[in-house]
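Following the hints, complete the assembly by docking chain S onto the known chain E.
Chains as they are written, first to last, in the UniProt record's numbering: chain E, 1 to 631; chain S, 1 to 631.
Just so you know, the hints here were simulated from the structure itself, not pulled from any lab data.
All values reported here derive from a predicted model rather than from experimental measurement.
There could be a bad hint or two in this list.
It does not matter which identical chain is used: a pair holds within one copy or between any two.
[Claimed, not checked] Derived DSS-like pairs (lysine-lysine); straight-line CA-CA distance at most 30 Å:
(1) Lys582 with Lys259
(2) Lys44 with Lys279
(3) Lys582 with Lys532
(4) Lys343 with Lys253
(5) Lys253 with Lys465
(6) Lys588 with Lys227
(7) Lys259 with Lys304
(8) Lys227 with Lys253
(9) Lys588 with Lys295
(10) Lys532 with Lys576
Protein chains: 2
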Amino acid sequence: MADTLAELAAQLRVDSIRATTAAGSGHPSSSMSAADIVAVLFQKYLRFDFQHPHAPDNDRFVLSKGHACPVLYAAFKAAGAIDDAELLSLRQFGSRLEGHPNPHVLPLVDVATGSLGQGLAIGVGMALTARLDQRRFRTYVMMGDSETAEGSVWEAFDKAAHYQLDTLCALIDMNRLGQSGETELGWNGEAYVARARAFGWHALAVDGHDLGAIDRALAEAQATKGKPTCLVFKTEKGHGYSLIANHEHWHGKPLPEDKAREAIQELGGERNLRFAVRKPEVTKPSAKPAAGPLKLPTYATDEKVATRKVYGDALAALGDAHPDLVALDAEVSNSTYSEELRKAHPDRYFEMYIAEQNMVSSGVGMAVLGKRVFVSTFAAFLSRAYDQLRMAAVSNATLHVCGSHAGVSIGEDGPSQMGLEDLAMMRAVAGSTVLYPSDANQTARLMAALVDLRGISYLRTTRAKTPVLYAPTEEFPIGGSKVLRRSDRDVVTLVAAGITLHEALEAHARLQDSGVAVRVIDLYSVKPVDVKTLRQAAKETQGRLLVVEDHWAEGGLADAVLEAFSDGTEPLPRVKRLAVRKLPGSGKPEELLAAAGIDAAHIVEAVHALRDTPAPEGSRATGTAKTRRAH
Amino acid sequence: MADTLAELAAQLRVDSIRATTAAGSGHPSSSMSAADIVAVLFQKYLRFDFQHPHAPDNDRFVLSKGHACPVLYAAFKAAGAIDDAELLSLRQFGSRLEGHPNPHVLPLVDVATGSLGQGLAIGVGMALTARLDQRRFRTYVMMGDSETAEGSVWEAFDKAAHYQLDTLCALIDMNRLGQSGETELGWNGEAYVARARAFGWHALAVDGHDLGAIDRALAEAQATKGKPTCLVFKTEKGHGYSLIANHEHWHGKPLPEDKAREAIQELGGERNLRFAVRKPEVTKPSAKPAAGPLKLPTYATDEKVATRKVYGDALAALGDAHPDLVALDAEVSNSTYSEELRKAHPDRYFEMYIAEQNMVSSGVGMAVLGKRVFVSTFAAFLSRAYDQLRMAAVSNATLHVCGSHAGVSIGEDGPSQMGLEDLAMMRAVAGSTVLYPSDANQTARLMAALVDLRGISYLRTTRAKTPVLYAPTEEFPIGGSKVLRRSDRDVVTLVAAGITLHEALEAHARLQDSGVAVRVIDLYSVKPVDVKTLRQAAKETQGRLLVVEDHWAEGGLADAVLEAFSDGTEPLPRVKRLAVRKLPGSGKPEELLAAAGIDAAHIVEAVHALRDTPAPEGSRATGTAKTRRAH
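Same shape as in the complex, but just chain E (with noise of 0.2 Å):
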């Protein structure tokens, strides 16, 4: 067997060699220091159905450090699943095989990797997956050693030991040289075990070229039960070809031809091997279970509800709809009212305490094994987790975030703790959805649309209790609006969300005390944005919007409505946007919104301003408005 290992090992560090130089640009050296462990595990351990990679009880492998995906591509290619022209396809323009695995376009990966430090808090989610469905797959993370300087890392080291998930193994293929030098911790493994023991974990520093040593690693990996097995694997980065082992300034680097030709020479030349990888053991059916009936919760009309109490209330009852849906949150369950589901289904409810990164990746583990995943603390910490969304969105996993606490209106706990930035980070997120409701009954169905809805989304929620302004029945269809005042002699339209939208409905009705009649539009679908009505509005308005927002200036609400105006083909009308600008501090919701200029007495002001604004000449719009104003 040792034989036909190192053989096999030896022909991924060639087709890495090969693929590369192919492709011109890649990191051959990464994947040859990975070769030896790659070839035992997925020889020996992985079981893994590759006509099915969706299959329940297959076991996981993330690679983490993704740059080394040659040898991951060509542990596929050896395993059968792709051929050697698609091998050598690798990086170019339209191929399956990326510079770094994605999911979107190779299924053999359940993630996207390439931003270092995710993969083992993933790896916690499948694990915490496996558990959760009584399976027996294993879930294997292969790290590089740069890589666990990452924080996220150790947050999932905490994770995974504080859930002893004993079917996850952390691979640290540990080659001594990053991008630009040698690690902190060098050939140092006892550093690296000891930290993984005081984090909780069977660790142990393994010679990564012995091939016996590899496996009797692992096997000790498979019977290591109550804690989750960390191997540190002593390796040299380009191991195979002595022009570049363990030297300096090769890496990322493709091997020139003629570099290339004598590596696979030394190596002992181009091989062809195949194996069959074992198949997983069918544990049961893999069907999903069956949603049941829904029993969303509806809020009468006289109450104040505050929209995060019912993303709490909505999680639940859409907890007891669907047994395949969890929830993370980051030690606030008791602000973000996730603690409902907790309550409801303590089973379904995972706890990350603060560790807002490891909660997005966990969920993100969780959702590409077909959970429906809502993650959520305030608004403000998912700014700690921004690179894992956007690699969820990477990856192609469907994940329901929510933030809480947004904006100056959560008073006297002043800047650090509001979000003012949420709806700028999601709203660039790759090809996510954000919502912001102003209501009760509207939070209770914008939560019902999501739980179907694929990719990222953001709901935006509250602090305070506000009014409930719809009945149970009014139907929010992602990417519409609610025009919520209108008159045929509107002179302004007000766009609002949340808690704006309130100080905005407050606005129309002091104006409207002064004779002034304007529109106001509940924008609660931030992106995609209702194109539609916001046109509609501006031509019936006399060409004139006021975006008032509880957010930065940039990024967000105004953003979005200007975008309904971008296409080229519209006449457009003024736009202006009453944001945050200064730096909050503390004080009463209604103080901070005065002070930042978004409450109704503003934009009482702001309308004045607006309708006083001399009309451009010739300016269609404004002539429109002179004449309706006449009226």
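Only chain S this time, still in chain E's reference frame:
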């Protein structure tokens, strides 16, 4: 002494209760657990000149568990730095004593805290500054136990040991209880100690309510050489008032007035002790070193140079001129080119390895102590530190951030490595400046401007070499733009920056060949944006703008352009945006620019479509356009 300390600690508890009860919100229980530690530290160890809080020999105290600020404010009162009336203004609108410490209003604190897990990394930056400046001050960071779940904390543990920062002391207030329940490790002080030791620290568990033990532990920390010290204090949340001590459900809740009276009685009543904090030993003059002459690099207009390379060249030149300039990088200095500073001034380059969060927070720690700080990594990976960047602004820090490898134009590495949300993210930072140069000389000049700019600035650089467009003498004011192509017959304005500017120039050439004149604006200053030039161009080019950006459609260049037209004073021009809208893959840069629809060919096509747009009836802009086209 012990009696005085006990009295002082009781006063800190009483005052924490008084202030939060007066405020009607806040965190008395989290303050009470820490009171004994704060009492001993402030009375016996801290050397701090309250008259000159920024004196460079002052010890630094960072309250990473910012929500416990009532105990800090109470200590300020006991030290005579604030009076009782101010203490009781806690959390009121306009008070310097916000719900979490904020140096914008309270210069007694160096940084804003409240987003947990950031203080220790800030402390790392401060201790590095002490070493760099050869000053003897010590840095104390008080953390909550809950916040050790944040990976950023372990990045800081790792860096502090790596740099052998023995002037740094971490104080963990292990009060066992988080916001929503017990922490993962409860009162297992040895578990914390084991983790800290595994990360290279001297660490010990201490009774946090035994004043003598606290005293001895702080003395031991002071005497420990070669490594930082972590003191894990076992405490009770709410210690001193039996009703709440060590009880759940008292996180973040002020005592009602009757309970406050009861608590104060149990604590022995109000006191008004004063003590004098020891003054620091002045080791050398505090004046900043004078800047020398700046020899900025220049580039010939027949060269092709990557703006990322110029970042490094200019950084080294600025480092020559400014002895107080430092740079930090996250192990990609050979990609961002911050290695140029490392080569020129190795003592002022700090390798943070792959730990972006620590890089930013340590940069903040150095910045608030007076260094000119530049931090750099791939633009995509800055998303890892978005919370830290957000908080840097709340800390009123001046930090220069560079993100390289922006956009799809990086090519084969694929979407995980592409910065496509960085403009959205950095625009939505309080008071930020966002720059995106397209050319070598421009980059160098902007770097020279940045070095004296306050606040958070962001420079986006490009991987590929691009033609030099500007002479070295050209000036680039922040908030400006450059009109690179113009004629009296322009029918559309192309607005671009960075890589897409070169595509726009190529499109201009192609359009010119087919007799279509377009204006080309280099919008190198994304925030603030050049409102005047954009408006002028809109007026002069038939109200038509085409914005082209290598960034998601949301939050970037197009949103910045539209912002220039959204003060409500004028109708918007027609603005069409070409931006990245679907997930890119791997490929050659030109293939990916084409696939994203942002290359010269797509710009040409979009210009034709925009020209052919039917004129909105009566619109003056298009009326003008027609007239002018007829010329």
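> Can you tell me if Lys532 and Lys576 fall within 30 Å by alpha carbon in one copy, between copies, both or neither?
Replying inline: Both: 19 Å inside a copy, 17 Å across copies.
> Between Lys582 and Lys532, at a C-alpha cutoff of 30 Å, which is it: within one copy, between copies, both, or neither?
Replying inline: Classified as between: cross-chain Cα gap 23 Å, same-chain 33 Å, threshold 30 Å.
>> As a check of your reading, is Lys44 near Lys279 (CA-CA no more than 30 Å) within one copy, between copies, both or neither?
In response: within (11 Å within a copy, 66 Å between copies)
> Is it within, between, both, or neither for Lys588 and Lys227, if the alpha carbons may be no more than 30 Å apart?
Replying inline: Neither, since 48 Å and 45 Å both go past 30 Å.
> When no copy is specified for Lys259 and Lys304, does a C-alpha distance of 30 Å or less occur within a copy, between copies, both, or neither?
Replying inline: between (72 Å within a copy, 29 Å between copies)
> Is the C-alpha distance from Lys253 to Lys465 at most 30 Å within one copy, between copies, in both cases, or in neither?
Replying inline: between (57 Å within a copy, 18 Å between copies)
> Checking Lys582 and Lys259: alpha-carbon separation at most 30 Å within a copy, between copies, both or neither?
Replying inline: So Lys582 and Lys259 fail the 30 Å test inside a copy (58 Å) and across (38 Å) alike.
>> Reference check for the pair Lys343 and Lys253, CA-CA at most 30 Å: within, between, both, or neither?
In response: Only across copies: Lys343 and Lys253 sit 22 Å apart there, 53 Å inside one copy, limit 30 Å.
> Is it within, between, both or neither when you check Lys588 against Lys295 at 30 Å Cα-Cα?
Replying inline: neither (36 Å within a copy, 51 Å between copies)
> Using 30 Å as the alpha-carbon threshold, which applies to Lys227 and Lys253: within, between, both, or neither?
Replying inline: Neither way: Lys227 and Lys253 sit 38 Å apart in one copy and 37 Å across, limit 30 Å.
When the structure is compared with the earlier hints, violations turn up for hints 1, 6, 8, 9 and for no others.
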